[in-house]
Amino acid sequence: MTIATGTIKAGEPVFYVVDEHDHPEGSSTQLGFWIYLMSDCLIFAILFAVYGVLGAKYAAGPAPKDLFDLSLVAVNTSFLLLSSLTYGFAMLSMQQNRVGAMQGWLVVTGLFGLAFLGIELTEFAHMIHEGATPQRSAFLSSFFTLVGTHGLHVTFGLIWLVTLMVQVKRFGLIEANRRRLVCLSMFWHFLDVIWIGVFTFVYLMGMLR
Amino acid sequence: MSSDVHAHADAHQSADDHAGTRQGQLIGFGLSVVLTAIPFLLVMSGSLDKQVTALIIMAFAAVQVVVHMVFFLHMNTKAEGGWTMMALIFTIIMVVIALSGSLWVMHHLTTNMMPVHEMGQTP
Chain A
10 MTIATGTIKA
20 GEPVFYVVDE
30 HDHPEGSSTQ
40 LGFWIYLMSD
50 CLIFAILFAV
60 YGVLGAKYAA
70 GPAPKDLFDL
80 SLVAVNTSFL
90 LLSSLTYGFA
100 MLSMQQNRVG
110 AMQGWLVVTG
120 LFGLAFLGIE
130 LTEFAHMIHE
140 GATPQRSAFL
150 SSFFTLVGTH
160 GLHVTFGLIW
170 LVTLMVQVKR
180 FGLIEANRRR
190 LVCLSMFWHF
200 LDVIWIGVFT
210 FVYLMGMLR
Chain B
7 MSSDVHAHAD
17 AHQSADDHAG
27 TRQGQLIGFG
37 LSVVLTAIPF
47 LLVMSGSLDK
57 QVTALIIMAF
67 AAVQVVVHMV
77 FFLHMNTKAE
87 GGWTMMALIF
97 TIIMVVIALS
107 GSLWVMHHLT
117 TNMMPVHEMG
127 QTP
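In order, the protein sequences belong to chains A and B. The opening residue of the first sequence carries number 10 in the working numbering; numbering runs sequentially from there. The opening residue of the second sequence carries number 7 in the working numbering; numbering runs sequentially from there.
Think of the hints as simulated: they come from the structure by calculation, not from any bench. All C-beta atoms in this analysis are idealised placements derived from N, C-alpha and C, irrespective of residue type, glycine included. A few of these clues could be false.
To be verified - With the Cβ distance kept under 10 Å, some of the chain B side facing chain A (calculated, not the full set): (1) G26; (2) A67; (3) I98; (4) A104; (5) P121.
Here chain A stands alone, though its shape is the one from the complex:
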């Protein structure tokens, strides 16, 4: 710092970093995690593009109208939306240092996530049972890839959620755990944003065709 001040005249603007500043532990985690989410967003963008190109190529097989049950998708969507809200409540409880309430909201979030996954897997099983497997047509390949990738993200989110609940139980709401919970919160809300695209472009638009 002394070197820098020695070479710069007072009042002159500085256009470069004058000295290496200190990075407190975890100070850049949120930005880094956000950039990860953005890269994840690109993966989904490509999968959406693939679905956009192949989504109408049925190869004389079943079309969205024959396969999708919109009321089931509506229930699924509301589960994911509710889980976003309950995770938000968990974050509020964390802010107020109420560990019990936070763990409670995390359990509720996890249950909603599980319900979402359960319904999605039931839907997949039903489709595969009817012969609408990923191999059947380009539409079904792209459908299973896009929706399956989202489902896989939710699965890993749930594993992460349970891991963090155990962490908080063992070590309490230490700074590192708060940071991890903030990251998972971003991840979870991000999955909800992706799901908006899925239910709009895959399910609703599919039914319109």
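Position chain B relative to chain A; hints supplied.
Same frame as chain A, but now just chain B:
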């Protein structure tokens, strides 16, 4: 030294900011419910023209994404010195190029394809 203190205060503030307020969460949730329910009702009832319905549900999806970004992900131009917003804008540009480019190119490829095997292939 003052910059260190400032950076630390910033990091701390952004961690706290991430929870938002209960009111904000509920407003975001309420808006999301409305923005989700209307497209579902429109498609399930089929009361409107298909083209119009498609445009409406896409508009609702775009608005809902913004609602989630603001109320749940707490996006703003000041967090992390504006870098999260920068990353977001960059990503949106990439997504638009990837999506519109793929759809455009592949659409033209399909329509301009020589109908060689038309006998065997029904769409």
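To see whether the hints hold, each was checked on the structure:
With a cut of 10 Å, the hint placing G26 (chain B) at the interface with chain A holds, because the nearest CB-to-CB distance is about 7 Å. The criterion of a C-beta within 10 Å of any C-beta in chain A is met by A67 (chain B), whose closest approach is roughly 4 Å, and the hint holds. Checking I98 (chain B) against chain A by beta carbon gives a least distance of about 9 Å; that is within 10 Å, so the hint holds. Taken as an interface hint, A104 (chain B) checks out: its beta carbon lies about 5 Å from the nearest beta carbon of chain A, inside 10 Å.
Hint on P121 (chain B) is violated. Least Cβ distance to chain A is approximately 16 Å, over the 10 Å limit.
The structure does not agree with numbered hint 5 stated previously, though it agrees with all others.
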